[in-house]
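Peer 1: Just so we're aligned, residue 1 is where the first sequence starts under our numbering, counting upward by one.
Simulated from the structure, these hints should not be mistaken for lab results. As the structure is a prediction and not an experimental result, all values here were calculated from the model. Treat each hint with caution, since some may be false.
Okay, the calculated beta carbon distance ranges per label pair [unchecked claim]:
hint : residue 1 : residue 2 : range
1    : 164       : 294       : 25 to 33 Å
2    : 381       : 440       : 30 to 38 Å
3    : 446       : 425       : 17 to 25 Å
4    : 105       : 14        : 31 to 39 Å
Pairs of lysine-lysine, DSS-like flavour, derived with a Cα cap of 27 Å [stated by the list, open to error]:
hint : residue 1 : residue 2
5    : 63        : 227
6    : 454       : 424
7    : 201       : 94
8    : 227       : 142
9    : 227       : 201
10   : 184       : 142
11   : 201       : 184
12   : 375       : 424
We treat Cβ as the ideally placed atom computed from N, Cα and C, and that holds for glycine.
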Amino acid sequence: MSLQLYDTYTRSVRVFEPLRPPEVGLYTCGPTVYDYAHIGNLRTYIFEDILRRVLAFDGYTVKHVMNITDVGHLLSDGDMGEDKIERSARLEGKSAWEVATYYTEAFQRDIARLNILEPTIWCQATDHIEEQIETVRCIEEKGYTYRTADGIYFDTSRLDDYGYLARIDLEGLQAGARVRLGEKRNPTDFALWKFSPEDEKRQMEWDSPWGVGFPGWHIECSAMSAKYLGPYFDIHCGGEDHINVHHPNEIAQTEACYGTRLANFWLHGYFLHLDTGRMGKSLGNFITVEDLVEHGYDPLAYRYLCLNAHYRSPLTFNLETLDAASRALDRLRDLVYGWGTPGEVDAAWLARFTDRIHDDLNIPQALALVWDIGKTDLSAATKKATVRAFDEVLGLQLAEWMPAVVPDEVMELVAQREAARDDKDWVKADELRDAIADAGYEVRDTPEGPLVRKRA
RNA sequence: GGCGACGUAGCCAAGUGGUAAGGCAGGGCUCUGCAAAAGCCUUAUUCGUCGGUUCGAUUCCGACCGUCGCCUCCA
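Make a model of the complete structure from these sequences and hints.
Peer 2: Structure (structure tokens):
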């Protein structure tokens, strides 16, 4: 089976063919760096990482571009409200630039801890102001813009198929109570360029043909993806929340300027839910990677948890599921470690694995194969090599994992205990096991002798 | 008000028009000085409820109940 992916644009599973093989252009909407990323955000980046690894597994050269939104994301009320970055700067007593740098670095640290591959190209919105102005100018020249008191807006009524990605029903939207028009001509119109408020000096603002201000949130993706991947490329990803607003707007901009629908495939990752509902930065109920580490969890246990569910299904998070994932990962690592030196990959098992990841990234089933192959009577060397190949996609570092080095003083206790056991001095042997446990290790007696492991 | 998703064992979660992956937890056995770990076995006659289509539905259709998301910044 060749790679098939669910495309939100067509609402169907389609065979993936690169536009310009062997290269695949992949654009993934990145973070807005006004706060730490939470593990819900990171679920989407894990999904995108899996996608990227599958493409690489298939032999494609992936050119992966991720933006860093460091300006222009407003707090509320559509195109009104305070800029999130500037707000954090005010609250934290830092400059907007310092805030952006700080949270960008935190994000990069977090994805590294989850073994998410870095994009080929990082691009920051504030490094591409010129490109964004050019894109707005292009849209303006084609006649899709109008000016209001606070900015340059995109007139979505000029596009016949505006919102096709979301199957937006304009009449339905207008019937809704939550839409506020202001000076906008249509509820779906959005800002391309915002003017700085007259009564305050923004930290982040630039000159433009329309006046001093800053770019609207959506324009950076159209401008930067065109710069690095061209106006029509293979795959564009984001969270499910982007299906309704952000991505239709990106498509509208690119369609107006270049006449393309931006990307051949549109993939969206679904949310992580708490028992009480979604996790949101603005809801204040979020958990970070740092929180997990502080509670003694390996970040990869969270990655394992995410791999257990399909990317297009909501995933429920709570401590019980995290503990289950953590335990499963520990067992798996120990199991794979015990297989020793890798031999030859088993072609039949690799083919089964490939079919599953090709089936719209059915990672839960692919992961189940790791457990299944472990129960076969294939040689340990074959299992090890095959699982190592699987892990190119799973990214759980199964084959790399090594037990923690046991300190000499603990090994000394183990030796003393062995001596006591030889003497059948069970009382002393049990005391020594307690001492080993106090040191943070556990000893397992096997036919081959004692095995020492750091206690979980 | 509009659009959409989901509801599968104690928990997380795959999946299929022909009778339910995997993990965690639980139970049993083996092993063991005792343990721990591990291995083996086991755990849903059943997939929210009620109808319909069908030889047959958890899987398709409809209604209903429930949970949730988006429509406003949002992964």
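Peer 1: Each hint: holds or not?
Peer 2: Tested hints:
1. 164 x 294: 25 to 33 Å: violated, 45 Å
2. 381 x 440: 30 to 38 Å: holds, 32 Å
3. 446 x 425: 17 to 25 Å: 20 Å Cβ-Cβ, so the 17 to 25 Å window holds.
4. 105 x 14: 31 to 39 Å: holds, 37 Å
5. 63 x 227: Distance of about 13 Å is within 27 Å: holds.
6. 454 x 424: holds, 26 Å
7. 201 x 94: holds, 16 Å
8. 227 x 142: holds, 19 Å
9. 227 x 201: violated, 30 Å
10. 184 x 142: Roughly 19 Å between the alpha carbons, so the hint for residue 184 and residue 142 holds.
11. 201 x 184: holds, 25 Å
12. 375 x 424: violated, 36 Å
Against the hints set out earlier in the document, violations occur for numbers 1, 9, 12.
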